[in-house]
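Asker: Here the protein sequences come in this chain order: A and B.
Sequential numbering from 1 applies to the first sequence in the working numbering.
Sequential numbering from 193 applies to the second sequence in the working numbering.
Read the hints as simulated data drawn from the structure, not as lab findings.
Some clues are possibly wrong.
[As the list claims (entries may be wrong)] Dumping the calculated DSBU-like pairs for lysine-lysine here, alpha-carbon to alpha-carbon at most 35 Å:
#1 A/109 - B/349
#2 A/152 - A/186
#3 A/186 - A/169
#4 A/161 - B/349
#5 B/354 - A/161
#6 B/354 - A/186
#7 A/169 - A/29
#8 A/169 - A/152
#9 A/169 - A/109
#10 A/109 - A/161
#11 A/109 - A/186
#12 A/186 - A/149
#13 A/29 - A/149
#14 B/200 - A/186
#15 A/149 - A/161
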Amino acid sequence: MADLTLLEITAYALQILLIFIAIAIVLHKNNRTIIILIASFSLVVSALYVINNAPDVAIAEVAIGAAIIPLIYVISISRQREFIVLDRAMDDFIISDEEFTGYGYRLLKQFTDHYHLDLNICNDPMICQMEGPDQNVCERTNVDLIVSKDEKTGTYYLKGKESSLLMHKLEEMAADYSDIEVQTFKDVEFGE
Amino acid sequence: MLSSVSRKLILIAAMAVVFGLFAASLIDLASLYNDATKDYFFEHGFEETGSNNLVTGILLDYRLFDSLFEAGILLVAVSGVIWVSKHDFADKNPNFMIDKYKTPDLFISFARLVYPLLLAFGLYIILNGHLSPGGGFQGGALAATAILILYFIDKNKETDIKRIVTIEKVLYLAIILVALLSLFTRSTAFTNFVAPAAGRQWQVVYLVTLNVLIGLKVAFGLWTIFTAFLKEGR
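Using the sequences and the accompanying hints, generate a full structural model.
Answerer: What follows is the structure in C-alpha cells.
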C-alpha cells in the first residue's frame with residue numbers, strides 16, 4: 001500500500017467508480033437518469049485517459065461521450081415518450097376554458113397513462129389548418145393522433161396510423177363512448 | 193437441407209478454427225509487441241513531421257493514409273443517418289421540431305453564455321493541434337456541440353442540410369488533395385508536402401491546413417447528424 005502514489009490511488013478509485021456507474025446504467029429504469037449516468041461514465045473515462053498520458057483521446061472522449069451523445073439521446077428520448085395529439089375539433093371536447101377538462105382529454109390521459117407516455121396536445125392553428133387529407137398531415141407533422149369532429153352528427157373521430165399497435169387499445173377504451181369513433185388509415189409508403 | 197444439429201456442429205467447428213488461428217497468433221508475442229516503431233517515432237518524429245504534438249505528427253504524417261479513411265467513415269456514417277431517417281430536404285424544418293415551450297429558460301440563458309466560449313475553444317483546439325493535445329477531430333466535435341447549442345438559443349434557426357452535406361463532401365475532397373500534394377513536391381504520397389529541410393515554420397503550414405480542413409469536415413458532418421435527429425424527432 002505504501003508504494004502507491006496519489007495519482008495511482010485516484011486511478012484505482014476512478015476505475016472502481018466506473019464499474020459502479022456501468023452497473024447503475026444497466027439496472028436503472030428511468031431513461032433520463034441513464035443519460036446522465038452515460039455522460040458521467042464518459043467523464044470518468046476521460047479523466048482516466050488523462051492519468052494515462054493520453055490527453056488527445058481524453059478531449060475526444062469528453063466532446064463525443066459527455067456532450068454530443070447525451071444531447072442526441074435527450075432529443076430522441078424526449079420525442080419517443082410523447083404521444084402527440086392534434087386537436088382539430090375546435091370545441092370543448094378536449095380543451096374547455098383554456099384547461100384540459102373535457103371528457104376526450106380524460107380518455108386520452110387514461111390511455112397515455114396506461115402506456116406511461118406523456119400526452120402532448122397540439123392545437124397550433126398553423127398545423128390545424130394544414131391542407132390535404134389527414135393521412136398526409138399526419139406524415140408531414142409526425143403527430144400520432146388527429147382529433148376531428150363531424151359537425152352534422154356530432155361524432156368525434158380519432159384517427160391514427162394503422163401500423164400503430166396503440167390504436168387497438170384506444171379502440172377498446174373508446175368503446176364505452178357512443179359519440180367517439182376510432183379510425184385508422186394506412187401509412188404513407190416510403191418514397192411515395 | 194441440413195439438419196439443425198449438423199448446422200450447429202459446423203458452426204462450432206468454424207468457431208474452433210477461428211479461435212485456433214487466434215491462439216496460434218499469440219505464440220510469438222515478442223515479434224508482435226516490440227518498441228521498434230515507438231522508438232523510431234520518438235527519435236525522428238519531432239524533426240520529420242514538424243509537430244510538437246507527436247500524436248498529430250503521426251496522425252497527419254506517418255499514418256495519414258489511415259486518417260483519410262477515418263474521415264471517410266464519418267462521411268459514410270452521415271450518409272447512412274440521412275438515408276435511414278428518410279428525409280425530404282425541402283419538406284421538414286428543424287425549427288418545428290424543438291419544443292418551443294418546454295425548453296427551460298435557465299438552459300437557454302446558460303447556453304447563450306456557453307456558446308461563444310465553446311466555439312472559441314473548439315477553434316483553439318483545431319488551430320493549436322500541432323502544439324498541444326487536440327487536433328481536427330476533437331476541435332471539430334467541440335465546434336459541432338456549440339452549433340447544436342445554437343439550435344436551443346435560436347429556435348427559428350433554419351438549416352439547409354443539402355448545402356452542409358455538399359460542403360462536407362468538398363472538404364473531404366480538399367483533404368485528399370492536400371494529402372496528395374506531396375506526390376508532386378516530394379514524390380511520395382500521403383505525407384507533409386513541405387520537406388523537413390525547409391524548416392519547422394514551413395512544415396507547420398501543412399499541419400494547420402490539414403487540421404483546419406479536418407476540423408471543419410467533422411463539424412459539418414456532426415452538424416448534419418444533429419439536424420437529422422432534430423428533424424426526425426417530432
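Asker: Against each hint, give a clear statement of whether it holds in the structure.
Answerer: Against the structure, the hints come out as follows:
{"no.": "1", "hint": "A/109 - B/349", "verdict": "33 Å, holds"}
{"no.": "2", "hint": "A/152 - A/186", "verdict": "26 Å, holds"}
{"no.": "3", "hint": "A/186 - A/169", "verdict": "18 Å, holds"}
{"no.": "4", "hint": "A/161 - B/349", "verdict": "30 Å, holds"}
{"no.": "5", "hint": "B/354 - A/161", "verdict": "30 Å, holds"}
{"no.": "6", "hint": "B/354 - A/186", "verdict": "30 Å, holds"}
{"no.": "7", "hint": "A/169 - A/29", "verdict": "24 Å, holds"}
{"no.": "8", "hint": "A/169 - A/152", "verdict": "27 Å, holds"}
{"no.": "9", "hint": "A/169 - A/109", "verdict": "13 Å, holds"}
{"no.": "10", "hint": "A/109 - A/161", "verdict": "19 Å, holds"}
{"no.": "11", "hint": "A/109 - A/186", "verdict": "25 Å, holds"}
{"no.": "12", "hint": "A/186 - A/149", "verdict": "20 Å, holds"}
{"no.": "13", "hint": "A/29 - A/149", "verdict": "39 Å, violated"}
{"no.": "14", "hint": "B/200 - A/186", "verdict": "42 Å, violated"}
{"no.": "15", "hint": "A/149 - A/161", "verdict": "18 Å, holds"}
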